[in-house]
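Could you build the full structure based on these sequences and the hints that come with them?
Line order of the protein sequences matches chains A and B.
In terms of the working numbering, the first sequence is residues 1 to 385.
In terms of the working numbering, the second sequence is residues 1001 to 1264.
In short, the hints are calculated from the structure, not lab data.
All of these numbers come straight from a predicted model, not from anything done at the bench.
The reader is advised that the hints may include incorrect statements.
Said to hold, decoys possible - Over the 10 Å line for every Cβ pair with chain A, so calculated as not near, a few chain B residues: (1) T1018; (2) L1030; (3) A1066; (4) D1097; (5) G1157; (6) G1166; (7) A1168; (8) L1172; (9) R1201; (10) A1209; (11) V1223.
To be verified - Coverage of chain B stretches by chain A, computed from C-beta distances (three or more under 8 Å per stretch; other residues unrestricted): (12) 1071–1080; (13) 1185–1196.
The beta carbon of each residue, even a glycine, is placed where N, CA and C say it ideally should be.
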Amino acid sequence: MDFTEPQDSRAIRDAVRALCERFPGEYWRGLEPDRYPSEFVAALTDQGWLAALIPEEHGGSGLPLATASVILEEICASGANAGACHAQMYTMGTLLRHGSEAQKRSYLPRIAAGELRLQAFAVTEPGAGSDTTQITTRAERTADGYVVNGQKIWTSRAEHSDLMVLLARTTPIEQLEKRTGGLSVFLLDMRDRGAELTISPIKTMMNHATTEVFFEDLELPAEALIGEEGEGFGYILDGMNAERILIAAECIGDCRFFLDRAVAYANERVVFGRPIGANQGVQFPLARAHMAMSAADLVRWKAAWLYDQGLPAGAEANMAKYLASEASWEAANAALDTHGGFGFAQEYDIERKFRETRLYKTAPVNNNLVQAYVGQHVLGLPRSY
Amino acid sequence: MKILVPVKQVASIDGDFTLDGAGELDPRALHWQANEWDAFSLEAALQLAESSSAGEGFEVVVVTVADEHGEEGLRACLAMGADRALRVWDPALAGVDDPLAIAAVLAAVARREDPGLILCGVQSSDSANAATGVALAGLLELPRVAVVTAIEQDGGGLTVQRELDGGAVEVLRLSLPALLTIQTGINEPRRANLRAIKLARSKPSATLALSDLDLDVSDVREVAGARTVRLLERGRGEGASMIEGPAEAIAGRIVELVTRELRA
Chain A
1 MDFTEPQDSR
11 AIRDAVRALC
21 ERFPGEYWRG
31 LEPDRYPSEF
41 VAALTDQGWL
51 AALIPEEHGG
61 SGLPLATASV
71 ILEEICASGA
81 NAGACHAQMY
91 TMGTLLRHGS
101 EAQKRSYLPR
111 IAAGELRLQA
121 FAVTEPGAGS
131 DTTQITTRAE
141 RTADGYVVNG
151 QKIWTSRAEH
161 SDLMVLLART
171 TPIEQLEKRT
181 GGLSVFLLDM
191 RDRGAELTIS
201 PIKTMMNHAT
211 TEVFFEDLEL
221 PAEALIGEEG
231 EGFGYILDGM
241 NAERILIAAE
251 CIGDCRFFLD
261 RAVAYANERV
271 VFGRPIGANQ
281 GVQFPLARAH
291 MAMSAADLVR
301 WKAAWLYDQG
311 LPAGAEANMA
321 KYLASEASWE
331 AANAALDTHG
341 GFGFAQEYDI
351 ERKFRETRLY
361 KTAPVNNNLV
371 QAYVGQHVLG
381 LPRSY
Chain B
1001 MKILVPVKQV
1011 ASIDGDFTLD
1021 GAGELDPRAL
1031 HWQANEWDAF
1041 SLEAALQLAE
1051 SSSAGEGFEV
1061 VVVTVADEHG
1071 EEGLRACLAM
1081 GADRALRVWD
1091 PALAGVDDPL
1101 AIAAVLAAVA
1111 RREDPGLILC
1121 GVQSSDSANA
1131 ATGVALAGLL
1141 ELPRVAVVTA
1151 IEQDGGGLTV
1161 QRELDGGAVE
1171 VLRLSLPALL
1181 TIQTGINEPR
1191 RANLRAIKLA
1201 RSKPSATLAL
1211 SDLDLDVSDV
1221 REVAGARTVR
1231 LLERGRGEGA
1241 SMIEGPAEAI
1251 AGRIVELVTR
1261 ELRA
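Structure, rendered in structure tokens:
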């Protein structure tokens, strides 16, 4: 077994870290509660970081997922928030794997160059939640394309994206033999749309630019369809493993941020005549968080390795996301406790990162559903929901 | 023109290190990173190459004398924009960190490469002799200017500046070939982007043994001006005292101490 990190990891970490140093805590605090980090995203785009997974023939760097995950990990470890732009890295995967040559040639180079942003992924609906097969947003066939009606929710970054990957129903549910059929994926160009497309921001407990999206007789050309009509559910699913592995890496980055800050503070803060880190009540939670992080990180690398080998990675991708998000939440709490009252003060950035990392226990898939997946599909227990 | 840029991976020491009985450092306590000065000398070389009049081909070659720890640093230089990398290593060089010895190796590389300009960092942060560059100029009998803070191309030569004590600036003109040692702050070193990091792997890079340079181990070891006998650890925390009490009392005590130090 070889535990060496992927090629070029060190160079990537150094370069990403140097870029992030230009966007310190003050920058992120200044954006709260709801400004988008446009300057940060522009800097990442300029240096090619968000095009890491786009193949070289389409203008990207064609990195393996394992190497690309280092980029997002390092962004989070520096104290920045990769959630503002991580989807620009992987949303194009649906287009890459299932789009036509013409679609790929038309869009991928411009996405790689940052001229087009594709970082909105419209799947979840108010009435369907995690039960994707129950979505009702309808794309009805017309003479020269489709007309879309319906509503999506928790579509992050839709206001900061030119394109959207949209999952919509093309066959009514009552006409289906298989409940996962009848859904199709479209590449929706959101530019220059009128009342047919309404994007409403949702205020949340952290700065995440998430939205509700309403479609009212929105017209799509036939070329907007990705792959085969009715096969959309499968297309969406196979993009989710990459997303989960990358988000696991972000959580590992968050863990490192919390532990670095908490360890430094615990060593330097003196109360009752000694550093607070000398107290087991402070030290042990940090040690446990470090162990949780280390274990989660191993599963993250294994999941990435499986994915890059083209092997089934569903179980490991889900487990990595679960373990890493639980570890980052543990580290967040330990860091908050270590800092005492100062952890709640905005200028320490602990409370901001605490809110940011909490998201990953809930999204992009709820950790309860990961447990249900492992129970049913890995252990062979009866379906629990 | 070819510009040769000698670089070094320097060791920094972990907070918790111990020396063994022979005064040797446990290598596990060492972290390797690029010498701070080298980013500035490489950036200066890249800027000269970029600003050159069209038609004149520039090649920026980085060189290091190091075991495999040096590879990472060379790749970072290639990612920054250097065209080619050379690493010189021979197991017999292990433990040799003397400026004269390293300069002897670099001189052999320079004779083989025949650069029009050599840009060294002023010093390395780990051994801090500030001598390798000037020793190399001496061995090659090249004109040299140390601690350079500005460079401009001037016809076939260069105009360079160096800062003197008290804020005076010395301006010198020199003809090529020449050697400069470059001070930090002369420019803003660029950062590699993702494409460049990938591209670095396809750039030419070679490892040379001493025999490839017609050098003998004794040629190198004998010129060494100094040899490390042992390392000693200075006692930690000596002279430090904790000031405790309410903020006003602490501030008052600091004023007292600073005033006393200033008078002394």
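Decide, holds or violated, for the assertion that all CB atoms of chain A are farther than 10 Å from the CB of T1018 (chain B). holds (19 Å)
Far enough from chain A: is every CB of that chain over 10 Å from the CB of G1157 (chain B)? holds (34 Å)
Taking C-beta pairs only, is L1030 (chain B) more than 10 Å away from all of chain A? For L1030 (chain B), whose nearest Cβ neighbour in chain A is about 15 Å away, the distance exceeds 10 Å, so it holds.
Hey, is A1168 (chain B) genuinely clear of chain A, shortest beta carbon separation above 10 Å? holds (34 Å)
Please confirm whether A1066 (chain B) is truly not at the interface, meaning its C-beta sits more than 10 Å away from all C-beta atoms of chain A. Given a closest Cβ separation of 16 Å, the condition holds.
10 Å cut-off, C-beta based - D1097 (chain B) kept clear of every residue in chain A: D1097 (chain B) clear of chain A: closest Cβ-Cβ about 23 Å, beyond 10 Å.
Report holds if the minimum CB distance from A1209 (chain B) to chain A is greater than 10 Å, and violated otherwise. The claim holds: A1209 (chain B) sits with its nearest Cβ about 25 Å from chain A, beyond 10 Å.
Holds or violated: is the Cβ of V1223 (chain B) farther than 10 Å from all Cβ atoms of chain A? Label holds. Min Cβ-Cβ 34 Å, cutoff 10 Å.
Beyond 10 Å from each Cβ of chain A, as asserted for R1201 (chain B): R1201 (chain B) is in fact no farther than 10 Å from some Cβ atom of chain A, at 8 Å.
Per the coverage rule (Cβ-Cβ under 8 Å, at least three residues), is the stretch 1185–1196 of chain B covered by chain A? holds (count 5)
Mind verifying the non-interface call on L1172 (chain B)? Its CB should be farther than 10 Å from each CB in chain A. Its Cβ never comes within 10 Å of chain A, the nearest being 33 Å, so this holds.
Quick check for students: does the CB of G1166 (chain B) sit more than 10 Å from each CB in chain A? The assertion about G1166 (chain B) holds, with a minimum of 33 Å to chain A.
In the structure shown, a violation is registered for the earlier hint numbered 9 alone.
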